[in-house]
Amino acid sequence: MDKILIIDDDEELCELVSEYLGVEGFEVESVNDGETGLTRALSGDYDMVILDVMLPKMNGFDVLRNLREESQLPVIMLTARGDDMERIVGLEIGADDYLPKPFNPRELAARLRAILRRATADETDVTDDDKLSVDGVEVVASARTATCDGNDLNLTSVEFELLADLLREAGKIVKKEDLSERVLGRSLSPFDRSLDMHISNVRKKLGPRADGTERIKTIRSVGYIYTVV
Amino acid sequence: MKLFVKIFLWFLAAIALMVGVIIFVTRTFQTAPMESRWQRSTRNQMLIYGGTATQIASAEGEAGLRTYLARLRDVEPPREVGLASADGAIWFGSENVIADSKDLIARTVASNNAETDLSTDERSLGAAPVTFPDGRKLVIVVQWDRPAPQALFWGSQAGYLRLAGLLLTAVLVCFALAKYLTSPIGKLRTATQKLADGDLSSRVVPMVGRRRDELADLARDFDVMAERIETLVISQRRLNSDISHELRSPLARMNVALELAKQKSNKDTQPMLERIENESNRLNEMISRLLILAKLETDSEVVEPVRVDLAEIVNQVAEDADFEAQAKGRSVTVSAKEHCTVMGSENLLRSAIENVLRNAVRYTAEGTVVDVSLAANNGHAVLQVSDHGGGVPDDELKNLFRPFYRVGEDRTRKTGGIGLGLAIAERAILAHKGTISARNTDHGLLVEIRLDKDALSNS
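Here the protein sequences come in this chain order: A and B.
Following this note's numbering, the numbering of the first sequence begins with 1 at its first residue and continues without gaps.
Following this note's numbering, the numbering of the second sequence begins with 1 at its first residue and continues without gaps.
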């Protein structure tokens, strides 16, 4: 059973979510402050973290930042509804997804499943295309490592998936709809910019080519393409 | 006119007037005593000349007297000397001197004393009786060029220098004075504007320095006021965010509980639970919009404006809105688009355009098109969004941007709006120093956003 850690200061909410997710087939533990949350998240006992932004002792962003220094454990952030900044900052620091609070628990369960499916799928399918390499950028699906000219890129699991997906189709346009389905596990919804945010993170971590051109190009209103020289 | 210029000119005028009065008074009231002094010294001089001439005539004879008179004529200051008898016969000197002083000679003879004639401005005449050893009575006449009364400010280099010095000093002093008086007012004004623009930390006292006058008092009072406003607004803002945070928590719990209830519900309770879920979603939406609005109203300034590609945003938002509209049998088209960039916040601008566009999609009639156009116009970016929704009564147009405002019965809650979209759009556009307005066309409502391309480039 997948073990989920909820870090949220609302104890009653934690109880309710635990109950709901329990019915949905997850094993849930909850902690109510940032510091303990970080320690527990780093313990390696969990498959996934649900992280609230407003927390006592250490806020959600700091928890995520500290967590990302050591671990690529999947994280869903619960951001304040209507606060674009929280969402953007969360995705920039390396959250795998976000959910505005108050959230619909069905949506939460769906997103948890999408992220977990992705994480476990990679571990099992060791196939021929386990290793992908395009002009200096290499991703190894089984080890979940991505390197550029030998340097580790430190991608979160969403970013890793996006890059792998684009590399697999290098030189071809990958539609936004498909990326959203395959990587975020949900259909592309209007006015949602999280895909763009993730791609921009990948771009930042990859850096431009030696001649200054971007490796990943945006094809407006269609999708993205990993350019081949 | 600026206060600085006013004070400067008034003080300058005052100084100029003072100088003028001094010159006038000096000229009018000081000429008389000067005249009498001049007259006295001329008389004394003439008495000496007359006495000396008489003595020389008796001691050295006529030849000696001629030598004396010639010598007298040659000393400074330049003068004409003449000696004539009472009937005007010239004994020495040029004819015109004697001719000019007939009256004077007659008076001298009559009084047997020194006499002067200062009736003209250019020269002065003095006469004194001279007695020859043989008893003949003659009159010595001396004509001086009269020293012109020294002008204070012109006619000489020193005068001009004095004038220039005085003017320069006056200008400098007036400038300094005007500056001293007006600079705290300028600072107070800057601080007030900053406060009005939403910078609540704006204070004046540190800028005014160690003054101790009414202006400094005003600055202190301003700071006290600003302090109070800041405290009020901050506590208000905290209250807003606290309320929404506190509201969010029970709502979040309610959502989860609702879902649990739905898992255990039966056919009869299911519709009621659906209804509860809808209402809860509506509450969610309202809270989030209210938060955005509250945020925009307090942080009315765009932090770190960047160059934003408006055409790109319009494209993306229009595409998303079209996607949403297609599902409801409507559509969104971008009919015209020019390349436009403005300084500002991409998020705020996106949110403004999105709100206007979604509002139009919401109210346009089924099967119709919402038209979007973006034009660059004299340094302005003009975005127009027009729908086919029948428009609103003209007298309601200005109210469209008020939070929670709804127009009449035809724009009811059935459309799904909560009445905050246009209010949010307006605040976001105002934060960019732009304008947003609405007007009716023949088929619906047209909302126009105008943004100055470089309005925020210096801030």
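Hints were generated in silico from the structure; no laboratory data involved.
Hints may contain errors.
Stated by the list, open to error - Restraint-style ranges between C-beta atoms, simulated for each label pair:
| hint | chain 1 | residue 1 | chain 2 | residue 2 | range |
| --- | --- | --- | --- | --- | --- |
| 1 | A | THR213 | B | GLN326 | 46 to 54 Å |
| 2 | A | GLY25 | B | MET272 | 22 to 30 Å |
| 3 | B | PRO206 | A | THR213 | 49 to 57 Å |
| 4 | B | GLU304 | A | ALA110 | 30 to 38 Å |
| 5 | A | PRO208 | B | SER183 | 34 to 42 Å |
| 6 | A | ARG186 | B | SER235 | 52 to 60 Å |
| 7 | B | LYS398 | A | THR213 | 47 to 55 Å |
Stated by the list, open to error - Computed cross-link-like contacts, DSSO-like style, restricted to lysine-lysine with a CA-CA straight-line distance of at most 30 Å:
| hint | chain 1 | residue 1 | chain 2 | residue 2 |
| --- | --- | --- | --- | --- |
| 8 | B | LYS194 | B | LYS433 |
| 9 | A | LYS3 | B | LYS433 |
| 10 | B | LYS453 | A | LYS217 |
| 11 | B | LYS264 | A | LYS3 |
| 12 | A | LYS131 | A | LYS57 |
| 13 | A | LYS131 | A | LYS175 |
| 14 | B | LYS398 | A | LYS172 |
| 15 | A | LYS175 | B | LYS337 |
| 16 | A | LYS131 | A | LYS172 |
| 17 | A | LYS176 | B | LYS264 |
| 18 | B | LYS337 | B | LYS194 |
| 19 | B | LYS264 | A | LYS217 |
| 20 | A | LYS57 | B | LYS453 |
| 21 | A | LYS175 | B | LYS433 |
Where is the CB? At the ideal position from N, CA and C, for every residue including glycine.
Checked hints:
{"no.": "1", "hint": "THR213(A) x GLN326(B): 46 to 54 Å", "in the structure": "35 Å, violated"}
{"no.": "2", "hint": "GLY25(A) x MET272(B): 22 to 30 Å", "in the structure": "27 Å, holds"}
{"no.": "3", "hint": "PRO206(B) x THR213(A): 49 to 57 Å", "in the structure": "50 Å, holds"}
{"no.": "4", "hint": "GLU304(B) x ALA110(A): 30 to 38 Å", "in the structure": "36 Å, holds"}
{"no.": "5", "hint": "PRO208(A) x SER183(B): 34 to 42 Å", "in the structure": "51 Å, violated"}
{"no.": "6", "hint": "ARG186(A) x SER235(B): 52 to 60 Å", "in the structure": "40 Å, violated"}
{"no.": "7", "hint": "LYS398(B) x THR213(A): 47 to 55 Å", "in the structure": "50 Å, holds"}
{"no.": "8", "hint": "LYS194(B) x LYS433(B)", "in the structure": "14 Å, holds"}
{"no.": "9", "hint": "LYS3(A) x LYS433(B)", "in the structure": "51 Å, violated"}
{"no.": "10", "hint": "LYS453(B) x LYS217(A)", "in the structure": "27 Å, holds"}
{"no.": "11", "hint": "LYS264(B) x LYS3(A)", "in the structure": "24 Å, holds"}
{"no.": "12", "hint": "LYS131(A) x LYS57(A)", "in the structure": "42 Å, violated"}
{"no.": "13", "hint": "LYS131(A) x LYS175(A)", "in the structure": "23 Å, holds"}
{"no.": "14", "hint": "LYS398(B) x LYS172(A)", "in the structure": "50 Å, violated"}
{"no.": "15", "hint": "LYS175(A) x LYS337(B)", "in the structure": "24 Å, holds"}
{"no.": "16", "hint": "LYS131(A) x LYS172(A)", "in the structure": "19 Å, holds"}
{"no.": "17", "hint": "LYS176(A) x LYS264(B)", "in the structure": "37 Å, violated"}
{"no.": "18", "hint": "LYS337(B) x LYS194(B)", "in the structure": "36 Å, violated"}
{"no.": "19", "hint": "LYS264(B) x LYS217(A)", "in the structure": "49 Å, violated"}
{"no.": "20", "hint": "LYS57(A) x LYS453(B)", "in the structure": "44 Å, violated"}
{"no.": "21", "hint": "LYS175(A) x LYS433(B)", "in the structure": "37 Å, violated"}
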